[in-house]
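Residue numbers (the numbering used here), protein chains in the order written: chain A, -15 to 281; chain B, -16 to 318.
Derived by calculation from the structure, the hints in this document are not laboratory data.
Take these hints with a grain of salt, some might be off.
For lysine-lysine, the following DSS-like pairs were computed, each having C-alpha atoms within a straight-line distance of at most 27 Å [stated by the list, open to error]:
# : chain 1 : residue 1 : chain 2 : residue 2
1 : B       : 151       : A       : 114
2 : A       : 114       : A       : 200
3 : A       : 69        : B       : 100
4 : A       : 114       : A       : 69
5 : A       : 114       : A       : 134
6 : A       : 109       : A       : 200
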Amino acid sequence: MPESAPILEVHNLVKQYPSVSAVDGVSFAVPEGTCFGLLGPNGAGKTTTIEIMEGILPPTSGEVRYRGERLGARFREQAGILFQKTALQDFLTVRQSVALFRGLYERGLDVDEVLAACALEKLAKRDNRKLSGGQQQRLLLAIALVNDPKVLFLDEPTTGLDPQARRNFWELVESIKARRKTIILTTHYMEEAQLLCDEIAIMDGGRIIAQGAPQKLLREHFAEVLLELPRQEFPEAARRLPLKLIDASDRIEISTDDLDGTLRTLMEAHVPLQNLRIRPANLEDLFLDLTGKDLRT
Amino acid sequence: MIRRLLAVWHARNLEFVRDRPTLLFTLLLPVGVVIGMGFIFGGPPRPLFKVGVLGTDVSAHANPFRAERYTQFVAVEDEATGLSEVTHQEIDLLVDFDGGVRYWVNTDSPKGYIVEKLLIAADPGARRQPVTGQAIPYINWLFPGILGMNMMFSCLFGVGYVVLRYRKSGFLKRLHATPLSAFEFLTAQVLSRLSLILFVTVVLYAGIGAIIHFHSAGSVALLLLIAVIGSLSMIALGLTIAARFASEELVGGLLNLLTWPMMLLSGVWFSIEGSPRWVQWVADIFPLTQVIQAARAVMLDGAGFQRITPNLIYLAATTLVFLAFGAWSFRWRLD
């Protein structure tokens, strides 16, 4: 994808709370028309960063620039936002909810057009409190799109959705991407990030610990393939082999760029290979490799 | 069952104790109420009846009626003022002790009826004088107060809790992500509530008016103007409370702290003529007092725009002050 001018620039962002530094010197730029993913474990500072970028939360220091300007009226008019959790006004139908937000912007799309884009036409007259989780997210996406935004913020948009609803949501986001909208996405789902993002930044402890295109990061951090073996079948003595081992919950993973040599080493050490699986490394491997496997409190 | 009950009881107590603003308010409220009630109702026993005495020096008259207990005698400078106060039931009786004792009583006033008996018992020669003009029944005097009180509750609670609910649910945070400003949001809330209150007030005015056969002595358009500006002021007052806080208990407590003194001191149920100066001064601060004073002047005396202008100016000024303060202190999100 050709490099374009950044639509958003984040400069040395810091957000300090009395007992914790939620964001600690984060800087990056988002080129126009790309999908930028912010990944990280719980408490990494993703939502704080995205809320500062949305202009909802003031930073302790640092700044966010939209098209070279400080966030202001133009940004509010041209940004679409889908929060992690949003309640809508009670007793409004789907159509009325979208129309309410359409009325808050100078320019935007026709309400019917937005409803159609988010597959909500048949639900237009339904009370917004009577929607399923997937339908609710589609409505919130419709509201985020109602001003035909140049930049769209999606904060964990598919958390809690079933696999069908999630895939349906991804299709919607891909159709938005196809219209050259800039998307800022935070997610816990690595599959989602790998599918949708042109560039990702992995955060931990309020800092960015890796940034780049997903495939480029995988190439930088991982060899070609991962070998997976059931933990109970992996002899303790084999742990001393000169291999790069990764402990997963129920399995041992071996990262290697020399598949033949690694297989030979394992056979010589009499490691049972009947349940061996070989697969390429993915973003989840990268995420766990960079942020560790310990549960975050 | 006890274990479950205790678990929920304990969790609720923790929630309450950790909600610092609410806890502080809950502890300070009873202290404030005790001090306030002490000031208002403390001191010597309060009189049951209020009698106006023509002249400037009440103590100059040695009539035996002056010895009646639980009766407050207040000086009334001239007959016209005294008669107006009798007809409006601001005093129960007007007496002229000079020469032969004469008195004026509102025959629709229950307290006037009793205090008249006391006067005749003390001085059988006292002569009743006709009350010129229409004596105003208590229900007519009460009517503007009831309308005003209904407006007050609808303004303060109707707006305060709605904004609080929006903030707690995150709906305000979502609105904050749009070009909508705090002033625009608050103004929209004010106008929405205003239309509702005006509709309800008009229905109440027409409905109750028909039942008690009430006809306003003054312009109905002027009454509508009082209702509009008075509602604006009280809605804006409710918004100043809801602008910042996120606890239902705290907001509920603060709203009660505003509504109860207004209900008692704004002259809804009884006139506060004769109350200590500072009580009257406090009452004059309340928007509801200004609404009721202006409404009574129009509805009962047929007052015109000029006479109620000070009330309207006060209500308009407080609307602007409350709205400005509300917009300044407004918080979109929970923190």
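Please work out if residue 114 of chain A and residue 69 of chain A have their alpha carbons no farther apart than 27 Å. 16 Å, holds
Holds or violated: residue 69 of chain A and residue 100 of chain B, Cα atoms, limit 27 Å. Between residue 69 of chain A and residue 100 of chain B the Cα gap is close to 71 Å, so the pair fails against 27 Å, i.e. violated.
Hint consistency between residue 151 of chain B and residue 114 of chain A [alpha-carbon to alpha-carbon, up to 27 Å]: 20 Å, holds
Given the hint that residue 114 of chain A pairs with residue 134 of chain A, test it: the Cα-Cα distance must not exceed 27 Å. Violated - the C-alpha atoms of residue 134 of chain A and residue 114 of chain A are around 30 Å apart, more than 27 Å.
Decide if the proposed pair is consistent with the structure: residue 109 of chain A and residue 200 of chain A, CA atoms, cutoff 27 Å inclusive. Judged against 27 Å, a Cα distance of about 46 Å means the pair is violated.
Given pair status - residue 200 of chain A, residue 114 of chain A, alpha carbons within 27 Å: 43 Å, violated
The structure is inconsistent with the numbered hints 2, 3, 5, 6, although it conforms to all the rest.
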